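J.: Sequence:
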Amino acid sequence: MVSNQNRHKIIITIDGKASTGKSTLAKKLAREFNYLHIDTGAMYRAVTFYALKHHKTKKNQVNMQGLIKNLHKVHIEFKFDRFRQRCFLNGIDVENQIRTMDVSDSVSYISTFSQVRSYLVGLQRLMGKNKAVVMEGRDIGTVVFPEAECKFFLIADPKIRAKRRFEELIQIGKKIDYNQVLSNVMDRDEIDQSRKHSPLKKAKDAIEIDVSNLNAQEVYFKVKHMIHQQLTS
2 MVSNQNRHKI IITIDGKAST GKSTLAKKLA REFNYLHIDT GAMYRAVTFY
52 ALKHHKTKKN QVNMQGLIKN LHKVHIEFKF DRFRQRCFLN GIDVENQIRT
102 MDVSDSVSYI STFSQVRSYL VGLQRLMGKN KAVVMEGRDI GTVVFPEAEC
152 KFFLIADPKI RAKRRFEELI QIGKKIDYNQ VLSNVMDRDE IDQSRKHSPL
202 KKAKDAIEID VSNLNAQEVY FKVKHMIHQQ LTS
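So this note's numbering is basically just the index in the sequence shown, starting at one, shifted up by 1.
Calculated from the structure, these hints are not laboratory results. Among the hints, a few may not be true.
Cross-link-like lysine-lysine pairs, in silico, DSS-like; alpha carbons within 25 Å at most [claimed, not checked]:
#1 K164 x K175
#2 K54 x K10
#3 K203 x K130
#4 K80 x K54
#5 K29 x K130
#6 K164 x K28
#7 K203 x K175
#8 K54 x K28
#9 K202 x K132
Fair warning: this is a prediction, and the values are worked out from it, not measured in the lab.
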């Protein structure tokens, strides 16, 4: 691990499509460089979970006006237990609840609203104001921190991404059909790339990495080497 005392602090952004391994990579990099890890996808999931719990209509849809009016009541923070970083919503650990398919099916839609994005972007910028942060998401290198020193953009074949997501859900005991996961991944891609506010796209100065045929460790070593070059240049 590299000490902060021996180098300047930077912002590292990791953007990309759903289930490309952004979180796994970000966690490894944060440990390597002793940086703060911010999973912005978890923040959008937390808002979605809050919306599904508190602002559902009788037709089982989200009352977006009600959600937007009450965004100030949504407080998100990350805490570490003995094994991993966990997401807390208004003081309650919701790490497992925000990973369900119900949340996955709604998060991209709720993320299209500019009020939601503006609220969370403000929180994200506050979290990264002192640098020494690894932040992952969809618009970190383009909107949240366009001035970041190291930017990466991960891509992969949708079938491979769906298989990875499917296996993750099975491991935590979720009963799910692979085709449902694949459909969700492709739908999220379409919504993320076509939304009006902060669409998913690669920053001009981001390094694109196709992780389709790379395992998590190979991606980590590849990116870590590039960051070390930046820190020592």
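J.: Given the hint that K29 pairs with K130, test it: the Cα-Cα distance must not exceed 25 Å.
T.: holds, 21 Å
J.: Holds or violated: are the alpha carbons of K54 and K10 at most 25 Å from each other?
T.: violated, 39 Å
J.: Please work out if K80 and K54 have their alpha carbons no farther apart than 25 Å.
T.: Cα-Cα ~22 Å, so holds.
J.: Can you confirm whether the C-alpha distance between K202 and K132 stays at or below 25 Å?
T.: Within the cut-off at roughly 23 Å; holds.
J.: Does K175 lie within 25 Å of K164 when you go C-alpha to C-alpha?
T.: The hint holds at about 14 Å.
J.: Tell me if the straight-line CA distance from K164 to K28 falls inside 25 Å.
T.: holds, 21 Å
J.: Holds or violated: K203 with K175, Cα cutoff 25 Å?
T.: Given that 25 Å is the threshold and the Cα spacing comes to 32 Å, the pair is violated.
J.: Are the Cα positions of K203 and K130 separated by 25 Å at most?
T.: At roughly 22 Å apart (the allowed maximum being 25 Å), K130 and K203 satisfy the hint.
J.: CA of K54 to CA of K28, is that 25 Å or under?
T.: violated, 29 Å
This entry does not satisfy hints 2, 7, 8, going by the numbered hints stated previously.
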